[in-house]
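S.K.: Start from the sequences and build out the full structure, keeping to the hints where you can.
Number of protein chains: 2
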Amino acid sequence: MQLTIIGCHAATPRKNAQTTAQLLEIKGHLMLIDCGEGTQMQLRKLGVKFARIQHIFISHLHGDHFYGLIGLISTFRLLGREADLHIYGPKGIKEIITLQLKLAKSWTDYALYFHELDHTESVVVFDDEKIKVSTVPLDHRVYTNGYFFEEKVGSRKINSEAAKNHGVEVCDMENLKSGKDFINTAGELISNAQLTFDPEPPKSYAFCSDTAYKEDIVPIIANATMLYHESTFLKNHLDLAAKTKHSTAGQAAQIAAKAQVGGLILGHYSTRYGDLNAFVAEAQESFQNVYLAEDNKVFDI
Amino acid sequence: MQLTIIGCHAATPRKNAQTTAQLLEIKGHLMLIDCGEGTQMQLRKLGVKFARIQHIFISHLHGDHFYGLIGLISTFRLLGREADLHIYGPKGIKEIITLQLKLAKSWTDYALYFHELDHTESVVVFDDEKIKVSTVPLDHRVYTNGYFFEEKVGSRKINSEAAKNHGVEVCDMENLKSGKDFINTAGELISNAQLTFDPEPPKSYAFCSDTAYKEDIVPIIANATMLYHESTFLKNHLDLAAKTKHSTAGQAAQIAAKAQVGGLILGHYSTRYGDLNAFVAEAQESFQNVYLAEDNKVFDI
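Protein chains in written order, with the working numbering: chain S, 45 to 345; chain F, 45 to 345.
No lab work stands behind these hints: they were computed from the structure. This one's a predicted model, so the numbers in the text were calculated from it and none came from an experiment. Every residue, glycine too, gets a C-beta built ideally from N, C-alpha and C. Incorrect hints may have been included.
[To be verified] Listed next, the stretches of chain S that the computed footprint assigns to chain F, with coverage defined by at least 3 CB atoms under 8 Å from CB atoms of chain F: (1) 56-66; (2) 83-97; (3) 108-117; (4) 146-158.
M.R.: See the structure below:
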C-alpha cells in the first residue's frame, strides 16, 4: 500500500502549499481522496495515469477539499477517457458537478456515477474481492466523512518446497490457496498447514479530515495500519480548534493512541505556523510513531 | 494601461501552461478577465493585492475560463476581504457560485454582486468617469462574450508656463482642465487653447475569446489600441476550428486588419502545437503588428 500526499495545507492553495488531496494505491486500485484546486496539475507532475483513477472520495464540500474536482472531471473528458468514474461525497455534490457540466454543454462521454452520502453512521461505500471502504463520520462545520480503506485477508501462500515433496500439481494450487487440505495419489490427507504459509496480514488506512476531536471514531478505525488525522492547530489554539471544529496535534495523537494504530500522519496545518516540528513534538506526548504530511511525500505503508 | 497574461492556453491546465486569465490595469482599476483553475495561485505569485480586484469579467462557462472563480471568491472571504466584488458573466454563473457557497455554509462577508448576461447585442456593463466596458457578443459552442475596455477622454493638460504668464491661480485650474476659457484680472479672455494641451488620446483593449471567425464584432472593437483574439488553431486545422467554433491565427489577423486595431495579441493555443512562431507567421499574412501571449507576460499598452 502506498500513500502519496498531493496536498496537505488548510484553507487556500498557495505557492508550495497545495490544499488537501491524497492518492492511495491499494491492491491494484488507485484511489483519490479529496481534490483541492490544482490537483489535476499535481497529478500530471507526478505522472499519474488518469485512467487508473476510477474512484474519488470527497470528505466534505469545503473548497480546499473539492474545488479541483470539476476541473479533473472535465479534463478526463477532454482527454477522451472511456473508463467509468465513481464519485463518493456528501449529498449536493452531484448537483454542483452536473450543473456545471450542463451550463458548459459538456456532458462526459464516460460513465460518471455519484454515490451521495448523508448517513450519520459508518457505512460501506465500496466492497470488492480485495478491499473494503467505509465512511468515518466526522464532526465539522458541514457534513463530513473520513474514509477507512481495508485490505481483505489474501489467499494462503504456497510452500513451494513442501508442495513439491508431497506431489502437489498446478491444478491443486487454487484449493490450497483457499485453505483446503490435499489428498495425494496414495490417498493420504496432507493438512493445508503443512503445505502453505499464512497470508500477509491485511493493511488498512484511515483518512480523517476535517474534524473536531471525536472519540466515536475510535472503534471504526481501530488498529489501522496508518491513520491520517488532521491537525490544523497546536494546543495553544485549542479555543480556535473548538470554534472552527478542527483538531490539535495533541488531539490527533490521542485518537491514534486510543485506536492503537500503527502510525499517525499529521496534516492540514493552518497557515499561521512556520515550524511544523512543533506538531510532531505535541503529538508525541501521547503517541510515538508520528509523521508529518508534506506535499508530494510518499508513504510506503 | 497594462495587461498581464496570467494564462493563455486552451483546454486543460498543465505544468507551465495555465488556462485563460488576464489582468488589465486601466485608469486605476484592476480588472480580472476570465479565471481558469489555479488563477489565485498565479495572482499570489505575481504579488497582486487581492483587494484591488473589484470586477471580474467571465467570457463563458467552459472550465478553462472560470473554474478558478469559486476558489478566488472563497479565498477572498478567508482573507477577510471587505471590498465589494462584481462578477460579470453568462446567466447561470450566479447559480453555480451560490450553490457552492450554500453547500459549504460559506457565505461571503463582503458584498458579492452578479451581473448576469444574456444579451445577443453589445451592451455596456460598466461605466464610470474614467472608463467604459462593453460586451462583444461572440460565436462559440456556449453563450460567450468578449469585453471591450475603453478609456474616456481625460481632462486637458495645463500648460504651466502659459498659465503662469497669464496669471492663472490654482483655483482656476479645474475650469481650464474641463476646457473652459480664462478671464484674467484685467478682464481679458484668454482662450483655453492658449493655456492647455490636448489630453492623451484614450486607449482601449478588446478581449475576444473564445469564438469562431465573426466579422460582426469589427464595428464594436474598431480602432482598439490592442486586441486579444483567440487563435486556437492554425489554418491547416480550419475544419477543426469551424467544428469547435474557434479561430485560426489567420482569422484573428483578418479581424484585426478589418477593425484597424493598433496591435494583435494571439493566444488560447491548442495543445497540439509545439512551435508558436507559426501563429505569428500565419497572422502576419494579413496584419503586421502581432504578439504572442505567454503566461506571466506583461504588455504595456
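S.K.: Indicate, hint by hint, whether the structure satisfies it.
M.R.: Hint check:
| no. | hint | in the structure |
| --- | --- | --- |
| 1 | 56-66 | holds (count 4) |
| 2 | 83-97 | holds (count 4) |
| 3 | 108-117 | holds (count 4) |
| 4 | 146-158 | holds (count 4) |
Of the numbered hints stated above, none is contradicted by the structure.
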